[in-house]
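Build out the structure end to end from the sequences listed, making use of the hints.
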Amino acid sequence: DIIYDVAHNIAKQETYEIEGEKRELVVHRKGATRSLGPGNRNVTERYRDIGQPVIIPGDMGTASFLLRGTVEAEKSTFGSTCHGAGRLSSRSAARKRFRGREVINELAKKGIYVRAHSEKVAAEEAPQVYKDIEEVVNVTHGAGISMKVAKMKPLAVVKG
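Position 71 of the sequence shown, counted from 1, bears residue number 128 in the numbering used here, the numbering being contiguous throughout.
There could be a bad hint or two in this list.
[To be verified] Estimated spans, in silico, between C-beta atoms of each pair:
#1 Asp-106 x Glu-159: 43 to 49 Å
#2 Ser-175 x Val-128: 42 to 48 Å
#3 Lys-208 x Val-83: 32 to 38 Å
[Unchecked claim] Derived pair list, reagent style SDA-like, types lysine to any residue, alpha-carbon separation capped at 20 Å:
#4 Lys-132 x Ala-173
#5 Lys-208 x Asn-195
#6 Lys-188 x His-174
#7 Lys-166 x Met-209
#8 Lys-216 x Ala-173
#9 Lys-132 x Gly-96
#10 Lys-69 x Glu-102
#11 Lys-132 x Val-84
#12 Lys-210 x Ile-169
#13 Lys-188 x Glu-163
#14 Lys-79 x Glu-129
#15 Lys-208 x Tyr-61
#16 Lys-210 x Asn-195
#17 Lys-87 x Lys-153
#18 Lys-87 x Asn-66
#19 Lys-153 x Ile-169
#20 Lys-132 x Lys-208
#21 Lys-79 x Asn-97
#22 Lys-167 x Met-209
#23 Lys-205 x Val-63
#24 Lys-205 x Asn-195
#25 Lys-216 x Glu-129
#26 Lys-216 x Pro-184
#27 Lys-188 x Thr-119
Keep in mind that the hints were calculated from the coordinates and are not lab data. Note that the coordinates shown come from a computational prediction; the quantities given were computed from them, not determined experimentally. Using N, Cα and C, we set each Cβ at its ideal position, and we do this for glycine too.
Now the structure itself:
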């Protein structure tokens, strides 16, 4: 069963206060995810008392984080936070630098099973091409736009 699913490339009509006036906006999140706080009517009832679940993935070889949305995010970022660690280099640069089979084998040595559409995809997603997820999540937590709940270590990774 799916526990929670969230899009990170979406446009939604939402209401926010701007200069003291409530306004209907279309908020486009590209590479971002919603981070709505406790009590927000747009958060499913199951999570409304604590805030929207926020999933911020790391890379294939590091942790991902579960966080919760905040009222601060609604005030300062239109209820948004980052979607992930963020890339340090392009997919084409990653393909030149890494071999997919080597990436898969290195992760297997760490006990992480990788299922990739192709070795090319595995090379593009090598852990070394992403920012440090701990630093990224600490920034969102410190800014109050999403608050840490749990750190999750990968057992298996699927890349399409």
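Going through the hints against the structure:
A hinted range of 43 to 49 Å for the beta carbons of Asp-106 and Glu-159 is consistent with their spacing of about 46 Å. Between Ser-175 and Val-128, the C-beta spacing of about 43 Å keeps the proposed range 42 to 48 Å intact. The hinted window of 32 to 38 Å between Lys-208 and Val-83 holds, with their beta carbons roughly 34 Å apart. The hinted pair formed by Lys-132 and Ala-173 fails the criterion: a straight-line CA distance of about 39 Å is larger than 20 Å.
A distance of roughly 12 Å separates the Cα atoms of Lys-208 and Asn-195; the hinted pair therefore holds under the 20 Å criterion. The suggested pairing of Lys-188 with His-174 is violated, with an alpha-carbon distance near 23 Å, which exceeds 20 Å. Distance hint between Lys-166 and Met-209 is fulfilled; the C-alpha atoms sit about 18 Å from each other, no more than 20 Å. The hinted pair formed by Lys-216 and Ala-173 meets the criterion: a straight-line CA distance of about 5 Å does not exceed 20 Å.
With a C-alpha separation of about 14 Å, the suggested pair Lys-132 and Gly-96 falls inside the 20 Å cut-off, and the hint holds. Distance check on the hinted pair: Lys-69 and Glu-102 sit about 19 Å apart at the alpha-carbon level, within 20 Å; holds. For the hint pairing Lys-132 with Val-84, the CA-to-CA distance comes to about 14 Å; that is within 20 Å, so the pair holds. Taking the CA atoms of Lys-210 and Ile-169, the gap is near 9 Å; set against the 20 Å cutoff, the hint holds.
Restraint check: the Cα-Cα separation between Lys-188 and Glu-163 comes to about 19 Å, which is no more than 20 Å; the hinted pair holds. Our distance criterion of 20 Å between C-alpha atoms is met by Lys-79 and Glu-129, whose separation comes to about 16 Å. A C-alpha spacing of about 16 Å is found between Lys-208 and Tyr-61, which places the hinted pair at or below 20 Å, so the restraint holds. Of the supplied pair hints, the one linking Lys-210 and Asn-195 holds, its CA atoms being roughly 17 Å apart against a limit of 20 Å.
Between the alpha carbons of Lys-87 and Lys-153 the distance comes to roughly 26 Å, so the proposed pair goes past 20 Å and is violated. For the hint pairing Lys-87 with Asn-66, the CA-to-CA distance comes to about 4 Å; that is within 20 Å, so the pair holds. Restraint check: the Cα-Cα separation between Lys-153 and Ile-169 comes to about 23 Å, which exceeds 20 Å; the hinted pair is violated. Of the pairs offered as hints, the one joining Lys-132 and Lys-208 is violated, with about 26 Å between alpha carbons and a cut-off of 20 Å exceeded.
Proximity of Lys-79 to Asn-97 is assessed by CA-CA distance (about 15 Å); at most 20 Å being required, the pair is judged to hold. In summary, the hint linking Lys-167 to Met-209 is supported, as the alpha carbons are separated by about 15 Å, within the 20 Å threshold. With a CA separation close to 17 Å, the supplied pair Lys-205 and Val-63 stays within the 20 Å bound. Annotation: proposed proximity of Lys-205 to Asn-195 holds, straight-line Cα distance about 8 Å (limit 20 Å).
For the hint pairing Lys-216 with Glu-129, the CA-to-CA distance comes to about 33 Å; that exceeds 20 Å, so the pair is violated. A C-alpha spacing of about 13 Å is found between Lys-216 and Pro-184, which places the hinted pair at or below 20 Å, so the restraint holds. Restraint check: the Cα-Cα separation between Lys-188 and Thr-119 comes to about 11 Å, which is no more than 20 Å; the hinted pair holds.
Violated hints, in rising order: 4, 6, 17, 19, 20, 25; the structure is consistent with all others.
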